[in-house]
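**Student:** One-letter residues, chain by chain:
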Amino acid sequence: MAVAQRVATPHRKELIVVPYRRVSAAAMATNVVLILLGCFFVLPMLWMLFAAVDSNPDWAIKLPSLTLDNFKDVLARQDAIDSFKASVIVAGTTTVVTAILSVLAAYPLSRMHIPFKRSFMLAVLFCSGLPVSMLIVPVYQMYVYLGWLDSLYTTALFLAASSLPFAIWLMKNFIDAVPAELEHAAAIDGAGTVRILREIVLPLTLPGIAVTAIYTFINAWGAFIVPFVLTYSPENQTGPIEIYNFMGSHGLFKFGDLAVFSLLFSLPVVVLYLFMSRYFSGAFNFGGAVK
Amino acid sequence: MLSEVRFEGVHKIFGTETVVEDLNLTVKAGEFLVLVGPSGCGKTTTLRMLAGLERPSYGRVFIGDRLVNNVPPRNRDIAMVFQSYALYPHMNVYDNLAFGLRSRGASGSVVAQRVTETADVLGLGQLLKRKPSELSGGQRQRVALGRALIRQPQVFLMDEPLSNLDAGLRVQMRAELSRLHQRFAVTTVYVTHDQVEAMTMGDRIAVMNAGRLQQVDTPQTLYDSPANMFVAGFIGSPRMNFVPGRLGGAQGRRTVEFLGAQVPLTRGQDVTREPAEGRVIVGIRPEDLQWKQDAPAGDTVSVQATVDVVEPMGHEALVTAVCAGELLTSRFPPRSGVKTKDQVELALDPARLHLFDAESGEAILKRPPASGTKQASVGEARMDESA
Chain G
1 MAVAQRVATP
11 HRKELIVVPY
21 RRVSAAAMAT
31 NVVLILLGCF
41 FVLPMLWMLF
51 AAVDSNPDWA
61 IKLPSLTLDN
71 FKDVLARQDA
81 IDSFKASVIV
91 AGTTTVVTAI
101 LSVLAAYPLS
111 RMHIPFKRSF
121 MLAVLFCSGL
131 PVSMLIVPVY
141 QMYVYLGWLD
151 SLYTTALFLA
161 ASSLPFAIWL
171 MKNFIDAVPA
181 ELEHAAAIDG
191 AGTVRILREI
201 VLPLTLPGIA
211 VTAIYTFINA
221 WGAFIVPFVL
231 TYSPENQTGP
241 IEIYNFMGSH
251 GLFKFGDLAV
261 FSLLFSLPVV
271 VLYLFMSRYF
281 SGAFNFGGAV
291 K
Chain C
1001 MLSEVRFEGV
1011 HKIFGTETVV
1021 EDLNLTVKAG
1031 EFLVLVGPSG
1041 CGKTTTLRML
1051 AGLERPSYGR
1061 VFIGDRLVNN
1071 VPPRNRDIAM
1081 VFQSYALYPH
1091 MNVYDNLAFG
1101 LRSRGASGSV
1111 VAQRVTETAD
1121 VLGLGQLLKR
1131 KPSELSGGQR
1141 QRVALGRALI
1151 RQPQVFLMDE
1161 PLSNLDAGLR
1171 VQMRAELSRL
1181 HQRFAVTTVY
1191 VTHDQVEAMT
1201 MGDRIAVMNA
1211 GRLQQVDTPQ
1221 TLYDSPANMF
1231 VAGFIGSPRM
1241 NFVPGRLGGA
1251 QGRRTVEFLG
1261 AQVPLTRGQD
1271 VTREPAEGRV
1281 IVGIRPEDLQ
1291 WKQDAPAGDT
1301 VSVQATVDVV
1311 EPMGHEALVT
1321 AVCAGELLTS
1331 RFPPRSGVKT
1341 KDQVELALDP
1351 ARLHLFDAES
1361 GEAILKRPPA
1371 SGTKQASVGE
1381 ARMDESA
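Each protein sequence line maps, in turn, to chains G and C. The first sequence begins at 1 in the numbering used here and counts up by one. The second sequence begins at 1001 in the numbering used here and counts up by one.
It should be emphasised that the hints constitute simulated quantities derived from the structure, not laboratory data. Just to be clear, a hint being listed does not mean it is correct.
[What the hints assert, rightly or not] Simulated pairs of lysine to aspartate or glutamate, DMTMM-like, Cα-Cα distance not exceeding 25 Å:
no.	chain 1	residue 1	chain 2	residue 2
1	C	Lys1131	G	Asp176
2	G	Lys62	G	Asp79
3	C	Lys1131	G	Asp69
4	G	Lys117	C	Glu1054
5	G	Lys117	C	Glu1017
In isolation and in its complexed conformation, chain G is listed as follows:
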C-alpha cells in the first residue's frame, strides 16, 4: 500500500511524498500475454533478418555466421531487379489513380447535398469489404476480351478500382474534418470553387491524401492474387510473385536469397510507414481555425 512519508528538506520544511502504486498482478498477466502475442509477429521477422546475413541459413532461427553474399546474389539476379521495377510501376500507378479519384469523389460526397448519399456511401463501404479474389475470374475474362492482359498499367487499373471504395471512405472523413466555415469564409473573401479547393481544402487535407496514398501504395505493393492472374511475362512479375517463385522453383529453397529479397522488398513499406506515423502526429491540426 502507498504510505505517505515525510521527508525533511534543507529548509526544515516537510514535503509530502506519496509513492507510486506498485504493478498489480493483473497488469503483469496482461503484459505477459501481450509479449507472447508480440513474439508471433517478431519471430518471423527475426528469422528474416538473421537468415539474410547468414552464410548457411535454414528453417531455424539461429545466430548467423555473418556474410553479405546473399545480398550480392540477389542484387545480381535480373528477375529480382525486374520484379522490383514491376512492383514500383504497379503500386505507383495504383496510388496516383486512387488518390486523384478518391479526392474528386470524396469532396462532393462530403460537402454537397446529393440524393441517396447515405445509401451510396453504404454501398461504397460494402464494396470495400468485398474480397478481390471473388471477382478475379470475371475480371480475367474481361481483360482477355479487352486485350489488357499482361500489362502492368492495366493491372494497376484494376487494383485502383478495388482500392477506391475504401480510399473514398477514408478521404471523405478527412475532408469532413475540414470545417466548412473555412470554405464559406473563403467564398465570402472572393475565392471561386477552384481557388477554394486549391488553397484551402487541398492544403488542409494533404495529410489525409498522404495517408490514403500510402495506405493504397502499401496494399498494392503487397498485392499477390491480382498481378499473379493478370500478368504472365517474367519481366512483369511483381515482388510478391517473385517471393512465391523463390519458394516454388524445383522445391529447392535458397533461404538466404529469399530472406534478402523479402527484406529489401519490405523496406519501402517500412519507410512509408515511418513517414506516415510522423505525418500523423503532426497533422490534422486545425488549431486556430475554429475556436
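With the hints as your guide, set chain C onto chain G.
**Tutor:** Below, chain C without anything else, positioned relative to chain G:
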C-alpha cells in the same frame, strides 16, 4: 461606399421547418444593426442569407439596389466575421489578411500596403508571421476582424464574433468594434444572443423570435416601449416582471387591478386595444419596483411582499420577493439589510407600467415619453402585424 440592405418578404424553410418567416427589414446605409434573439430564432440564418451562404425560400434580398438572391457570396462585396473566426489554419496572419485581396486580383504592392495598414489599425503588426494556432483568442478575433476590414466591403456581417472571448476581453472588444464602426461607418449587421451587446453596440436592434421579427428600433425605445411580451422580457436584465391583471374602469379613468392593488392609469397612458374580458399582463421593470424606504416620494402605489432571495451585486442588490403568489424582482440599494423572509414594502410608479394583452402578448398601452427624451415612432419601424 455605403449601401443599405433590404429584406422583402423573406422566408427560409428547411424541410418542413420554417426558420425565418416573412422577414421585412431595412438596414440603413452606414447603420450598425444588431439582430438579437434566443438561439434558434433564425437570426444566423438571416445573416447567412445576406451572405449568400443560404438561399431564401421566398422573398428578395437587396444590397444597395441590387437584388442578390442569385449572386454568389464572392460577388456580393460583403465581409463576414464568423463566430468561430474561421481563420485559415495553414496560413500565417499576413496571408490570412491578404487572402481576400489576392482572390480579387490585387497586386502585390497593394496587398502589402493594405495588410500593413489594417494590421496597424488592429495592433497586429508584431504577429504577421504567426499561424492562427500560435495566437490567443483575442488576437484571433482581431485577425478575423482584420480580414473583414481590409476588403473595405459594402456590408459587414458579424455572427456572434465575441461569444468565444472571456468576459473582460469581450467588453474591451465591444468598445473597439463600436470605435471601428464610427471610424469606417460601413453598414453592419451584427448577430448576437446577448442583449447587453445588442443594447451597447446597436444603432438599432432587430429582435427576432421563432423565425419572426418582433420589433426593430433604437435600443432605448425597445427598452422603454417593447412591442410585445417577448421583447419586453428579452431586453433588460434582470428581466421585466410579468404579473396577471385586469383592466377595468370607464374611458378616461381606467384602472388596472393586479397584486391585490387597484392602480389608476395616469394621464397620457392610452389603451390602444381592448383585451378580451379585460385580461392583461402587467409588466414592471425591476428598477421601477423600489424599496419603499428608498423610493422618491410621489404618486406611487405600494404592495407588501415577502423576501425570497437577496442577490448582492455590489453596487446594488437584486431582491426577489413573493407578493400575492407572484415572484417579483426589484433593485434594492446595496446595504439595505433586507434578509430572506423579511416583509418589505415595494413602491411602483403607475406611469412606468407596461400592459400586454393576456392572449396575444402585444403591448396595449401607449406610454408617455420618458422624461427629457423625445420618443421615436415605434410603429414606423415595427413589422407590419398583419403580415
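**Student:** Evaluate each hint against the coordinates.
**Tutor:** For each hint, the structure was consulted:
With a C-alpha separation of about 22 Å, the suggested pairing of Lys1131/C with Asp176/G holds against the 25 Å cut-off. Taking the CA atoms of Lys62/G and Asp79/G, the gap is about 29 Å. The hint is violated against a cut of 25 Å. As the CA atoms of Lys1131/C and Asp69/G are separated by approximately 53 Å, the hinted pair breaks the 25 Å bound. A hinted pair counts as satisfied when its Cα atoms are at most 25 Å apart, and Lys117/G with Glu1054/C qualifies at roughly 21 Å.
Between Lys117/G and Glu1017/C, the direct Cα distance comes to roughly 22 Å. Compliance with the 25 Å bound is thereby established for this hinted pair.
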